[in-house]
Amino acid sequence: MVLKSKSVPLWIVHPVSLAPLLWLVIQWFANNLGANPIQATTQYTGRFAISGLLLTLACTPLYLLGVDIARKFRRPLGLYTFMYASLHLLTFVVLDYRLQIGFILKNLRFQIFILPGLLGFLIFLSLALTSNKWSIKKLKTRWKTLHRFIYLAGVSVLVHAWWAKKYDRRLILVFAIIFITLMVFRIPALQKWLREKKKQRRAARL
Amino acid sequence: MNKIPSSEITPEKVYSRRNFLKKAAMVTAGAGFLAACQPNAAAVINGITATAPASDATQPAASAATDELGRNLTSFKDITSYNNYYEFSLGKEEVARLAKDFKTNPWSVEVSGLVNNPGTYDVDQLITKFDEEERIYRMRCVEAWSMVIPWLGFPLSKLLAEVEPTSEAKYVRFVTLLDKDQMPGARSDMFPWPYIEGLRLDEAMNDLTLLSTGLYGKQLLPQNGAPLRVVVPWKYGFKSIKSIVKIELVKDMPISLWMNVAPHEYGFYANVNPNVNHPRWSQASERVIGSNARVDTLLFNGYEEEVAHLYKDMDLSLWY
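For the record, the sequence lines run as chains P and D. The numbering of the first sequence is this note's numbering, which starts it at 314 and goes up by one. The numbering of the second sequence is this note's numbering, which starts it at 1221 and goes up by one.
Everything labelled a hint here was simulated from the structure, so no lab data went into it. Quick reminder that beta carbons are idealized off the backbone N, C-alpha and C, glycines included. Careful: at least some of the hints might be erroneous.
[What the hints assert, rightly or not] Think about it this way: if two alpha-carbon atoms lie no more than 30 Å apart in a straight line, the pair counts; the simulated BS3-like pairs of lysine-lysine are:
#: 1; chain 1: D; residue 1: K1400; chain 2: P; residue 2: K478
#: 2; chain 1: P; residue 1: K478; chain 2: D; residue 2: K1320
#: 3; chain 1: D; residue 1: K1349; chain 2: D; residue 2: K1378
#: 4; chain 1: D; residue 1: K1390; chain 2: P; residue 2: K478
#: 5; chain 1: D; residue 1: K1378; chain 2: P; residue 2: K479
#: 6; chain 1: D; residue 1: K1400; chain 2: P; residue 2: K419
#: 7; chain 1: D; residue 1: K1349; chain 2: P; residue 2: K479
#: 8; chain 1: D; residue 1: K1390; chain 2: D; residue 2: K1320
#: 9; chain 1: D; residue 1: K1390; chain 2: D; residue 2: K1349
#: 10; chain 1: D; residue 1: K1323; chain 2: D; residue 2: K1378
#: 11; chain 1: P; residue 1: K419; chain 2: P; residue 2: K457
#: 12; chain 1: D; residue 1: K1320; chain 2: P; residue 2: K479
#: 13; chain 1: P; residue 1: K479; chain 2: D; residue 2: K1466
#: 14; chain 1: D; residue 1: K1532; chain 2: D; residue 2: K1400
#: 15; chain 1: P; residue 1: K453; chain 2: D; residue 2: K1532
#: 16; chain 1: P; residue 1: K453; chain 2: P; residue 2: K512
#: 17; chain 1: P; residue 1: K385; chain 2: P; residue 2: K450
[To be verified] Here are some chain P residues pointing at chain D (derived, C-beta under 8 Å):
#: 18; residue: P389
#: 19; residue: D409
#: 20; residue: Y410
#: 21; residue: R411
#: 22; residue: N420
#: 23; residue: W456
#: 24; residue: R515
#: 25; residue: A516
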């Protein structure tokens, strides 16, 4: 179960994270996204934003379970999550509403499903802006507090997706189950126990 | 948001091509008519459309290129490949494939309940009995997208006049076929099948309300509700019930499938109304399929003149 850092090169995260975007761009220009390509693009980027978030949240549990390298994937995966969330929002604002910001804002109070999505995006934005060594140094202990808002972002984007769908929410249910599973690892007692176990394994190896 | 953007207006080049296509389609329609004289007409016509490659060459023509507001007709390809028909699939783009072998001939529809002359009609019999006409209607889905569709059909009022509703009849209740062998989506218990819809009798008698058997001059394909469906253009698409096997005149307001599964979101009336929003999203604008443009949603989907009087003393935010 213990993976050596060398076995998976870190750069692999870039092609893997960019492949879905490349596929989308090809499908868009091949006119292959069906009768409602804007909706297809919106849903596609949204799905990958949530998938990216779940992968980001999986890094720490994987690390605790012995996949040491997972910890190093956390920041790039988080930033790619932000990229897909931005593309999702841009699809809505630019492709769908053709930059009619006034109309979007005027109508926002009736677009209930958008509100938790927007909250999630603002959290992603502040986390992306502070995902660098300089911010970690500058913010000190507050950095950790700030980045724990990722859990709230997770809940709010799941609510957003749930409200956006008319009726068929099977995929969102799967996302939610994975999210809850990953949140279990954040239970302090469990996390403490896992960290101790990990320390013991490391000590045994030395 | 108020005007149809200039990109929406058909350029002349496309228009002249449409004219060409129209002529080409007349020839094809002629061939279709000949085929219709054959005993297995449905199979022949369905066969042609099902196997034809999806390109502009398969685009049939209608009597006009736009509706009365100047909105372009949605392409045949989009109308027949983007369908909400949950008895087949929850995925709009899956329906055409899953419904391709759906058996629509023979097909009979039972008209019963509070009527003087109940009866069971064969669809072919209805088509010969009532003259079919083309009606170009906008279709606004509750999911905030829309199409413009050239339907073929006859006013439901003609059939209702034939069966003579009694004075007790206040509503019309429609039922879709439930055949789990042919409808893979209906095997799921996510919905309380069969699909049920309803109209108030005066809504059903309105001249706009159509019983449709075709579109773009051809017989309906299964994904569009073949062989017989309702079209109520001033209401959200889900009111236009597909593949009907039963029309029943009743005294009390029928409970539709959507009222049953989500009563706080979907009411009996479901009139298109930009001022009455869905609890989770705005109904102020809609995306036009085919052009990706977004346009303002119109009160009663632009049929205010024809239907507003039906609701004159009603609070439409209460009777959503």
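Here is what the structure says about each hint:
1. D/K1400 - P/K478: Since the Cα atoms of D/K1400 and P/K478 sit roughly 25 Å apart, the hinted pair holds (cutoff 30 Å).
2. P/K478 - D/K1320: The hint holds at about 27 Å.
3. D/K1349 - D/K1378: 10 Å, holds
4. D/K1390 - P/K478: 34 Å, violated
5. D/K1378 - P/K479: 35 Å, violated
6. D/K1400 - P/K419: 45 Å, violated
7. D/K1349 - P/K479: The hint is violated at about 39 Å.
8. D/K1390 - D/K1320: Outside the cut-off at roughly 37 Å; violated.
9. D/K1390 - D/K1349: 25 Å, holds
10. D/K1323 - D/K1378: 26 Å, holds
11. P/K419 - P/K457: 36 Å, violated
12. D/K1320 - P/K479: 25 Å, holds
13. P/K479 - D/K1466: 27 Å, holds
14. D/K1532 - D/K1400: With a Cα-Cα distance of about 42 Å, the restraint between D/K1532 and D/K1400 is violated, given a limit of 30 Å.
15. P/K453 - D/K1532: Roughly 65 Å separates the two Cα atoms, so the pair is violated.
16. P/K453 - P/K512: Within the cut-off at roughly 25 Å; holds.
17. P/K385 - P/K450: 18 Å, holds
18. P389: 32 Å, violated
19. D409: 7 Å, holds
20. Y410: 6 Å, holds
21. R411: 7 Å, holds
22. N420: 5 Å, holds
23. W456: 35 Å, violated
24. R515: The hint is violated - P/R515 has no Cβ within 8 Å of chain D, the shortest such distance being about 48 Å.
25. A516: Status violated, d = 52 Å.
In summary, the numbered hints that this structure violates are 4, 5, 6, 7, 8, 11, 14, 15, 18, 23, 24, 25.
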